[in-house]
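Novice: Sequence:
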Amino acid sequence: MNNLSAELDSQREVARQLRCPEGEGGIRTATGMEHNNANMIRKTLDGLEPASGSDVLELGFGNAAHLNYLFSKYRNLRYTGADISETMLVEARNIAAVSDWAPRTRFLLTDGKTLPFDNATFDGAFSVNTIYFWEDPLAYAGEISRVLKPGGCVCLGFCSAQFMEKLPFTQFGFTLYEPEQIARLMMAVGFGGVSNTHFEETITAPNGVTVERDFYVMKFTALLG
Numbered sequence: 001m002n003n004l005s006a007e008l009d010s011q012r013e014v015a016r017q018l019r020c021p022e023g024e025g026g027i028r029t030a031t032g033m034e035h036n037n038a039n040m041i042r043k044t045l046d047g048l049e050p051a052s053g054s055d056v057l058e059l060g061f062g063n064a065a066h067l068n069y070l071f072s073k074y075r076n077l078r079y080t081g082a083d084i085s086e087t088m089l090v091e092a093r094n095i096a097a098v099s100d101w102a103p104r105t106r107f108l109l110t111d112g113k114t115l116p117f118d119n120a121t122f123d124g125a126f127s128v129n130t131i132y133f134w135e136d137p138l139a140y141a142g143e144i145s146r147v148l149k150p151g152g153c154v155c156l157g158f159c160s161a162q163f164m165e166k167l168p169f170t171q172f173g174f175t176l177y178e179p180e181q182i183a184r185l186m187m188a189v190g191f192g193g194v195s196n197t198h199f200e201e202t203i204t205a206p207n208g209v210t211v212e213r214d215f216y217v218m219k220f221t222a223l224l225g
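No gaps in the numbering here: position 98 of the sequence shown is 98 in this note's numbering, and each next residue is one more.
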């Protein structure tokens, strides 16, 4: 195998683990994501700003270590996490088991296409760095709209296409977006009340390179329920 083929295989594996962490490599990837995305996750949660007593849904919970922050700041919540990774389901439950917030959480393995909840179940929802992997973005956005109560909000944290396309692994299975594209997507399924906040930070990318990145937190309100 030549050097180019080896590098492409390496980048493919990075992309695969980011999409759906699996095994020991997936656990390491999730730990890295938790570190690199900590600020983005906090900004996304603070953008959602769930009210006391809310039922909150997260799409793509990873190892769920960030719930320490969620429940330290927003104490009286009920949390549901949906993820496509069996490895992350186990990791999240293990982390929850030694926490004081476990009784207020549930973690579910889902197919990444539909959400196994009744209409108008949640007051709010959030997701960080998962939108690149939605197989049918319009249908999945519609599922989010369906399970939110009228007036409920969803916050999406993501990096722009302009930044992401500089990372070599994003050529493998990533769909990249600019904020205006996400706005059109979410509004097409009945969301309104759009807000968009831009941030900048320095991180170590999954391929080990230190980079300056910008990211966005977009908030949408469910109008249809």
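Treat the hints with care, as some may be off.
To be verified - Derived EDC-like pairs: lysine to aspartate or glutamate, alpha-carbon spacing no greater than 20 Å straight-line:
#, residue 1, residue 2
1, K43, D214
2, K166, D55
3, K149, D55
4, K43, D55
5, K166, D214
6, K113, E7
7, K166, D118
8, K149, D9
9, K166, E24
10, K113, D9
11, K43, E178
12, K113, E86
To be verified - Each pair of labels, with its calculated beta carbon distance range:
#, residue 1, residue 2, range
13, R78, G193, 19 to 29 Å
14, S10, S195, 37 to 47 Å
15, A188, T121, 51 to 61 Å
16, P150, V209, 40 to 50 Å
17, L108, L8, 32 to 42 Å
In short, the hints are calculated from the structure, not lab data.
Note that beta-carbon positions come from the ideal geometry of N, C-alpha and C, so glycine has one too.
Novice: All hints are to be evaluated individually against the structure, with a verdict given for each.
Specialist: Here's how the hints hold up against the structure:
no. : hint                    : in the structure
1   : K43 / D214              : 13 Å, holds
2   : K166 / D55              : 37 Å, violated
3   : K149 / D55              : 10 Å, holds
4   : K43 / D55               : 19 Å, holds
5   : K166 / D214             : 12 Å, holds
6   : K113 / E7               : 31 Å, violated
7   : K166 / D118             : 40 Å, violated
8   : K149 / D9               : 43 Å, violated
9   : K166 / E24              : 27 Å, violated
10  : K113 / D9               : 27 Å, violated
11  : K43 / E178              : 18 Å, holds
12  : K113 / E86              : 16 Å, holds
13  : R78 / G193: 19 to 29 Å  : 23 Å, holds
14  : S10 / S195: 37 to 47 Å  : 38 Å, holds
15  : A188 / T121: 51 to 61 Å : 22 Å, violated
16  : P150 / V209: 40 to 50 Å : 44 Å, holds
17  : L108 / L8: 32 to 42 Å   : 34 Å, holds
The structure shown violates the earlier hints numbered 2, 6, 7, 8, 9, 10, 15.
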